[in-house]
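2 protein chains.
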Amino acid sequence: MTKTAMPGFSPCNNATLRRAARKLGRFYDDVISPSGLKGTQYGLLYQIYVSNEPAMGTIAEAMVMDLSALGHTLKPLIRDGFVEAFADKDDRRVKRVRLTRQGLAKLEEATKLWSIAQQRFETMVGTQRAADLRAMLDEVAALDYGPPEAALPD
Amino acid sequence: MTKTAMPGFSPCNNATLRRAARKLGRFYDDVISPSGLKGTQYGLLYQIYVSNEPAMGTIAEAMVMDLSALGHTLKPLIRDGFVEAFADKDDRRVKRVRLTRQGLAKLEEATKLWSIAQQRFETMVGTQRAADLRAMLDEVAALDYGPPEAALPD
DNA sequence: CCCTGAAAGTGGCATATGCCACTAATTAGA
DNA sequence: TCTAATTAGTGGCATATGCCACTTTCAGGG
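Sequences listed follow chains E and F, in order.
Last residue of the first sequence? That's 162 in our numbering, and every number before it is there in order.
Last residue of the second sequence? That's 162 in our numbering, and every number before it is there in order.
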């Protein structure tokens, strides 16, 4: 087996994770594309859908995403009328978001496609192994890479 | 435990993978940042380093990355003098790349930082579990999501 | 040797993500 | 109550990634 025939096989956990993310992302994107949404956008609409008119910070936290990055990612979805934002009534600093009627319709349309991708993937790696993988990834996403220095209790 | 205290827990393999990639990416980025490189750039320099004056297409394949995306990502590294490109002598369509003296020095500098991140991560999740995770991710990156339609043999 | 089709990159355009510097709105204090 | 510190977002800037339309080279078939 020539080394050029296989992936990079770097021992770096980060590089390996990104490599897999690129590949899987393209797969989901391809399958979901007929809806006009990217995989990431589908995930964002879904997160908003399952939340209760969440504040931006809440979504960012749930998605383990930078708040400003979320704001950027949200723009095209708002521009296309799938999501609408409004100020919180008790704290005007807080901006909440919700799906529009179109957004909900688009989410439902995309969910059918997502199911195909999801199922195809799970058929290939096995439902149980996929669940194990997600569990491991959830753990990674929840890790607390303690503060670089200081910030110790008391 | 309030639900806002944990990640989104989406059943979507793609969303879960991206979520973990964002978190881990930031961790490695933070630790490697003193070198001035991002985690992705470190990975790219490393890949070039372990290859033999690879053609762009070869790197793209090894990293399971789009060729044009690789070209874009390579620009800042060439601009900063860490990588240099040159045409293949037998096929002028092919562009090969290699690390410059500075690039090699920067890679060595960054590798020390990378080791810290790598070790901190593995201490948290366990060396064996990290290896298992990478194996699973390498498998995902190597999957063949057969052609959408047609393209069947004969 | 000329023409056609495949192969390798480039550039433009759009989304994905982060960090940093700021602004606006709240809350904690004196 | 007026001010300092904190919290939630925004905008700008830079990298990360992809897709598509081209341009340049090669490899073949006549």
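Everything labelled a hint here was simulated from the structure, so no lab data went into it.
There may be inaccurate statements among the hints.
For chains that are exact copies, the list does not tell them apart, and a pair is met inside one copy or across any two.
[To be verified] Straight-line Cα separation of at most 25 Å, DSS-like style, residue types lysine-lysine; simulated pairs:
(1) LYS97 <-> LYS120
(2) LYS103 <-> LYS46
(3) LYS97 <-> LYS31
(4) LYS120 <-> LYS46
(5) LYS103 <-> LYS120
(6) LYS97 <-> LYS46
(7) LYS46 <-> LYS31
(8) LYS103 <-> LYS31
(9) LYS97 <-> LYS83
(10) LYS83 <-> LYS103
(11) LYS31 <-> LYS120
Here is what the structure says about each hint:
1. LYS97 <-> LYS120: neither (35 Å within a copy, 50 Å between copies)
2. LYS103 <-> LYS46: Within one copy only: 24 Å inside, 31 Å across.
3. LYS97 <-> LYS31: Answer is neither; intra-copy 42 Å and inter-copy 32 Å both fail.
4. LYS120 <-> LYS46: This pair counts as within: shortest intra-copy Cα distance 14 Å, inter-copy 37 Å.
5. LYS103 <-> LYS120: neither (30 Å within a copy, 42 Å between copies)
6. LYS97 <-> LYS46: neither (32 Å within a copy, 40 Å between copies)
7. LYS46 <-> LYS31: both (14 Å within a copy, 20 Å between copies)
8. LYS103 <-> LYS31: between (34 Å within a copy, 24 Å between copies)
9. LYS97 <-> LYS83: within (22 Å within a copy, 47 Å between copies)
10. LYS83 <-> LYS103: within (14 Å within a copy, 37 Å between copies)
11. LYS31 <-> LYS120: within (21 Å within a copy, 28 Å between copies)
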